[in-house]
Amino acid sequence: MSLAVESQGGERFVQMTYLEALVQAQIEELERDDRVIMMGEDIDVYGDGKLMQRFDATRIWNTPISETSFTGVGIGAAIAGLRPIVSLGIASFVYLASDQIINQAAKLRYMTGGQVRVPIVFRCCMYYGSSLAAQHSDRPYPVFMNIPGLKIVSPTSPSDIKGLLKSSVRDDDPVLFVEDTKLWSMKGDVPTNPDHLVPIGKADVRRGGTDVTIVAIAGAMRPALEAVKALALEGVSAELIDPRTLKPLDMETIMASVAKTGRLVLVENAHRTGNVSAEIASDVCERILDQLKKPIVRLCAPDVHVPFSPGLEATLYPSKEDIVVAVRRLV
Amino acid sequence: MTLTLTQLREAYRRMLRIRLFEEEGTRLFKAGRIPGAYHSSIGQEATIVGACMALRDEDGMTGTHRSHGHPIGKGADLNALMAELMGKATGICKGRGGSMHLADNSVGIVGESAIVGGGIPLATGCGLAAKVRRSGQVTLCFFGDGAVNQGTFHESLNMASLWKLPVVYLCENNGYAIRTSLVRSHAQTSIAKRAESYGMPGLEIDGQDVQAVYEATSNSASRARGGEGPTLIEAKTYRFDEHNVGLFVPTAYRTVEEIEHHKVHRDPITLFRHVLLQTGVSEMELVGIETEVARSVAEATRFAENSPLPDPKTLHDYMYSDPIRSAETNLLSTI
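As you go down the protein sequences, you meet chains A and B in turn. So for the first sequence, the numbering used here puts the first residue at 680; every next one is plus one. So for the second sequence, the numbering used here puts the first residue at 632; every next one is plus one.
In short, the hints are calculated from the structure, not lab data. These numbers were taken from a predicted model, which means no experiment stands behind them. Do not rely on the hints blindly, as some may be mistaken.
To be verified - Cβ-to-Cβ under 7 Å is the rule here; a few derived chain A residues that face chain B: (1) T737; (2) I739; (3) G755; (4) I758; (5) A759; (6) L787; (7) T791; (8) D852.
All residues carry an ideal CB built from backbone N, CA and C; glycine is no exception.
Turn these sequences into a full structure, and let the hints steer you where they fit.
Right, dumping it as structure tokens:
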């Protein structure tokens, strides 16, 4: 971590990676509020900012391999007044915990007529593109888009992951917090303000533009940023939007951009059927079809499992070139 | 620990409140006044009340799809429960839960889970919160014999024992998971014995004897409060009615003789009434309690019948702590 720098507005920033910003956010929230606890497999051993050195054993719970139930234990603890961060590790493990997330966390507030609240964060990290094969390489968030009662966030910058983790911990509803290993090493300026909060449900316009709107989800932001730069050299002005929150989607920001550009490219590393791009595309068609100059383009992983062999997996996710080619066809 | 004379009267009152509430509910269900499915607790009153009487007001509880008895056992008001069964706006869950989910948080209930075994991790989490906050609270976790074959039972009891969480796991073993008997689904038919594999005490008790249930739960709760960890209690009980009222049973899975035997010789209320008379509670006092309870149940029915159904405009209420705009709500507002 480098030294803090001061911006013109007086706010202080430090440069750190996406992963460092996440760890920093957790430490700050654990220090700020003693109701915040962390649970997960091996979290006292691995990463997570050497949490055991800073916090006692009642704050950091190293769990047995029991994803369903330690997730449920977190939910029970949340109802009883704590604010747990449940770390599910590799994102495909979220399927094991899905009964507790869906049938309990997401539903209990409604089913009890508001008698209980479930302030909990379920962290899961998407590993893919690194030859771990289908059971360890997944992007499971589209499954949860269809669950009312959940909020889903997936930040793509160091500043946003810090601000959104903090907002999620302080939120009174269950939040599925989806991280992306493809972004771990990305660096950026992160506010040092311990109350740096990024609101849930608010998209970010990462680059302003007038010719085409590109919406990139999670790790797809990386090739999208490169594509926007390359397109600029060709004289194409692309507006790049990061929804940041996948549920509820900030459709106002996306539609305002599409109304301006008349062209929409959606980029996402999840499988094509029923993913977030499908939801955005259908919403745009339902509400502002007449503003579109060209059909919407969706660049996603095909409906095939993530293969082990690098030779097969490399072709799976949309690349910078795919995005550039798609945009060229539209403008 | 044994119940005092005042507590004995209160235990009888609560058991009777469950019995009469369920009889009234069953009648209303058959008359079409209660929608959905009706799961009656009749026959299991001693297990519920004996366990609940061992708790303090601030202690937590989780329950099951057979959810009506649990809040009543913990001392809940009947009006909002009956209104919930009818899906009324004044229901304890504002008409969002119904028969399988009569959770009354004001008496400490965290949730009544109709996903079998789903409440076991939640109770364990309440125990964890009590330990973190050093609140001294104990959580009572009700589940049925069917739930012990779920993974959540195994995972949760392991964690609770490992971390010495203040939880009392109480199995209402009524012998049948819907139509499947214990011997047809459990390789180890002693549920109490399973406790050994988690390094916690396992007790098997007569669930039709309210005093036995109280004593076992009370001792387990003291143990939990003292930081010694959880206990598994298997209370042997029996459900007098079908799994849910009116359930079609193409082939008999239990004999008429078996049911009659329990109704005649193992009715927890009849058994307890005898005990009370022998203990020195007068017939007059018991009749007084019976009259008062009947009046409360009638009042609950009146309250529920006179309550309105929820306004469809409130459909989205209680979804999120802060109202969020979704495509759905936007569309609704433009229609």
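query = Taking the closest Cβ pair, is I739(A) under 7 Å from chain B?
reply = violated, 11 Å
Minimum beta-carbon distance criterion (7 Å), L787(A) to chain B = holds, 6 Å
Status of the D852(A) interface restraint (C-beta, 7 Å, chain B) = Holds: closest Cβ of chain B sits about 5 Å from D852(A), inside 7 Å.
inquiry  = Quick check on A759(A) please, does its C-beta sit within 7 Å of some C-beta on chain B?
reply    = Holds. Min distance 4 Å.
inquiry  = Interface hint check: T791(A), Cβ to nearest Cβ on chain B, cutoff 7 Å. Holds or violated?
reply    = holds, 5 Å
ask   = Does the nearest C-beta of chain B fall within a distance shorter than 7 Å of the C-beta of G755(A)?
value = With a minimum Cβ separation of about 2 Å from chain B (threshold 7 Å), the hint on G755(A) holds.
key: Hint validity - T737(A) Cβ closer than 7 Å to any chain B Cβ   = holds, 5 Å
query = Regarding the hint that I758(A) lies at the interface with chain B, is the smallest CB-CB distance below 7 Å?
reply = Holds: closest Cβ of chain B sits about 5 Å from I758(A), inside 7 Å.
Hint 2 alone, counting from the list given before, is not met by this structure.
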